[in-house]
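Q: Residue strings, one per chain:
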Amino acid sequence: MKCLVGLVLFLHWIQVQAIFEDQAGQNDWYQQHIGGVSFAEFAFRSRERVFLATEANVVSSLDLRDGSIAWRQVLVESDTVKALALLPKPPAVATLSASGPSEEYLRLWQAHDGGLLWERLVEGLHSEQTSATAAAAAAVTAKPALLVLPDVTGDGASELAVFAQRQLQVLSGSSGEVLWKTSALQHWPDVQLAHEGPSADGSHTLKAWALTNGGRSVLEATFAAKDGEPVQEVHETRLAAPRTNLRRLADGSLSQLSSEDVAPGAWAVSPTVQHEGKEILAYVAPSSTAAAHALVVADARSGAVVNRVDMDLPTSKDVSGNLIAASGIWMAVRVKGQATQYRILVALEDKRFILIEDGKIIWTRQESLATLTSSIFLELPAKRSLATSLAQSVPLTLRERLEAEFLGIKGQLGFATAAEKARLGSLKAIKSQRGRPDRDPTGFRKLMVAISEAGALHGIHTGDGRLLWTLPVALGQQALQPSVALLPWQSSHDPSRAPTVALLVAGRPSELGARLLIVNGHSGVIQDSLTLSVQPQQIVAIPGLVREGLGEQSLHLLVDGVGSTPRLHLLPDTPAARSHLARLTTDLHFWSLDPQTGALSGYAVDKKTLAALQIWSIQAAQAGQAALTVASQDPRDKIYSPVKVLGDKSLKVKYLNPNLLLVASGTPAGVSSDALGQEVQALHILLLDTVTGRPVFRQSHKGARGPVKAVLCENWAIYQYWSITNHRFEMAVVELYDQAHMGITIPDLLLHTSNATRSAFDPIAIEASRQSFYLPSALKAFAVTRSARGATAKFLLFGTTSDQVYMMDKRQADPRRPMGKPTAQDMEERLAPYQELLPLIPQAAITMDKQVARLS
Amino acid sequence: MAEFRKRCINFEEVGNIVDKRHAPDPPGYDLVAARESGTVAASSVKSKELLARKQQALYSQATGHFKSIGFMAFMMWMSGNSLHLFSIMTTASGIYQPIMAIVNCTQAFPASASEEGKLDIWQPRILYCLINSLGLIFAAYKVNSMGLLPTSVSDYASLFPSPVLSEVSMPSVLL
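These protein sequence lines map, in sequence, to chains A and B.
Here the first sequence is numbered in the UniProt record's numbering, starting from 1 and rising by one per residue.
Here the second sequence is numbered in the UniProt record's numbering, starting from 1 and rising by one per residue.
Any given hint might turn out to be false.
[To be verified] Not everything, but these chain A residues come out facing chain B in the computed CB check (under 10 angstroms):
id, residue
1, 273
2, 274
3, 484
[Unchecked claim] Stretches of chain B that chain A covers, calculated by requiring three or more beta carbons in the stretch to come under 8 angstroms of a beta carbon on chain A:
id, region
4, 148 to 159
5, 162 to 174
Everything labelled a hint here was simulated from the structure, so no lab data went into it.
Owing to the predicted nature of the structure, the values given are computational and were not obtained by experimental measurement.
C-beta: ideal position from N, C-alpha, C; glycine also.
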């Protein structure tokens, strides 16, 4: 009987839906990406790892078994990784990266956890060089080279040989100290380095060589690795035929075979690998069809094929019909018993990379997601039965549910292994409703359609972050860098119709007009593709939606040509869209900012003829200054109340103008403050009405400059800037109130005496409340929360330089915070006493302990 | 013997007080006639007094409510102006009870109590209602001091119309 009661209780218990206290506020999902691979090195000794440097300037280590990120280090965006090498002692990864022509950094990262061991700025030639020599040397496009040498100093660490800043130097791997350097090779182009030795006397030499004279001859020089003494003077060898690429083999000889000879027609050729005394390399030999490519391992000396596997690489064609090719290949060889295993990492042009072992795909990483540029949120299908095109999550069976409960108990008692915890995590993820393919009643589950820099369009489920579909769009056109804009297109009240997005691919000189792709948001299938007759430079969203049956169509204006009379084209140009535009009750205007000249222009649009006329133009910045940032209001922002209730229960009427624009101008970025002096520098904030171009509010901050991050919302603007005087980041807030409606009474409100319609051409007086604070962090991103009706309290979102997002109540940045002791009215209004510092409290970090790299 | 004792008057008792109980009536004395004429006069006086007393009782019933109203006002004052359970309960009863008392004043002073029109029940009723109205006024003051009455301009903020602009200006996004 007791057993039966226990069983009944147990069965009831598993129905309980609750979370533990420590589960509250956890991230729904968190994904890390590294970007397209540019360098890779395999390591087998300690762990099964591959070390990568990527186009997104991330240095990372991946687990070869499942492709998960063991660690990643995100460098500064402009710090391009130029070379990567693996040190055996101490186990470390060396990177050479350049963030400017004279700023090249050599860094050593610990192999097992990615900790930075040391960093050194590679010093260039000093000013004792004559200017003529320097100019001549600068003309040479010196490509840096990095090579690992064995321990020549006897300190137990390998050494590093670097050719950078037109100097060859050898550094100690343990400390980064320069052992020796020479500028003998300063005029050499594209130096490559090789190690030779140990010789009979145990000495190691460093060989440098470069193709010169248009590929007709090779320059070679040899130095003693220990002290840099020239072992062999510079000598030039003429080649039989001009070459663009030569391979150096392990015995020091130069292979006369170029990549084309070894791997005819190959997409990508790997660096050479030594195996059983042979030099081998791998390449992808494409076939004429999209699938069934060959992965070939060949001898680097003779080109003889060692191994060949025909396999289906997951390549496909992009929407233009171009085949997505492989962009890079790296290989490692491992002998397991009698068999030789070739592990090949293939990077594809769409930023995917694949690990292949013996012709089988072990794992694939979609790294196009590392560089998402813009996104649109769409509604998921209304019902699960309609979500046939989306990847379904299968409900748990009874056995799986019991397994989840068992593993849960085991985990709570602390007996679960890592594998069991992972299994429990996956079962819990299926059990939770987050990954359901249909929408939820609160509308939090959405489908995010995002476009990446690589030109791929992705559909991402916001519940669990899984990739639903990928559409390669602008690949094969990378050299042309087409500009791609993602636009909302159609939504519908009919639950069986999927919403669509439009992708405008412009700036392709090979075609006459821009291309428009209409993509089904739920399936990622192209529904329509049309070539427009125009090549737009700018695009303007038209407020409102055109209702056609059950569908709602978004409208856009394509702006072709700039100047006083730009040409406008309606998108889509249908009779319904034209009649919607003609019936708009408000006058339509648009404004544009020329980033080169800093000129702001406002245009009026004739709704019937679609003619645009420039009605105002101003220079956003004064002479010697630059427009640092602009901020406008989000058209989707809803105003909950047009008035503010004060502590004495009187009303203050907000100055609400959705056409406001904030322009911050000041000392241009890159100009030193010391050169200009504090007194002359000032940051100017201008709030202007974009219909008339009329300034509404001006504020100058003396002794301040950019970078400026600003938000404009409702009747207030908040911006952050650098105070040269205080050496701190300051944040200023401005709140605008309508002076025409001061002292409004109950009869006024009951009798509706205030005019509800207002024109920008009929300006009203405003009152501004201002205050400034210190913020203890620089900002990379700045935003405000938004809700459907605008009824929720506004929170400021700070993206800090440490790649974290903090949330702060807007009331903290209230300009009416009292300076002294708060009065009863202030307390009624819940105004906290003024404090100069706005603290970023750790509990308010909504990213918690996670970092979102490249926050922008 | 017994008959003889009936007519026996003991004059020798102290104070010459006649024991009327045991003294027989004189011959010819009609006890019934004497009783009838005397009862009518005495009962008329008594009933007037009773009515006055009843009227008085009605007034005291009306004014007696003043104490409970005062107590309730004291409780409301004690509970403070902040919104919490105790203040809400006392204020709610401070409003409810006077209203219910006024509504039910015909039960407190029923028409049957007027003794067929001999008593004035209207004045006590009015007095009763006035006293309860005082309680209601205090409760209204209390509600006002708690900030629950729409007397300030901020209570009509929702009537302020959101301004509608006759022009809309959109940003032009560079491609």
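Q: Check each numbered hint against the structure and report the violated ones by number, ascending.
A: 1, 2
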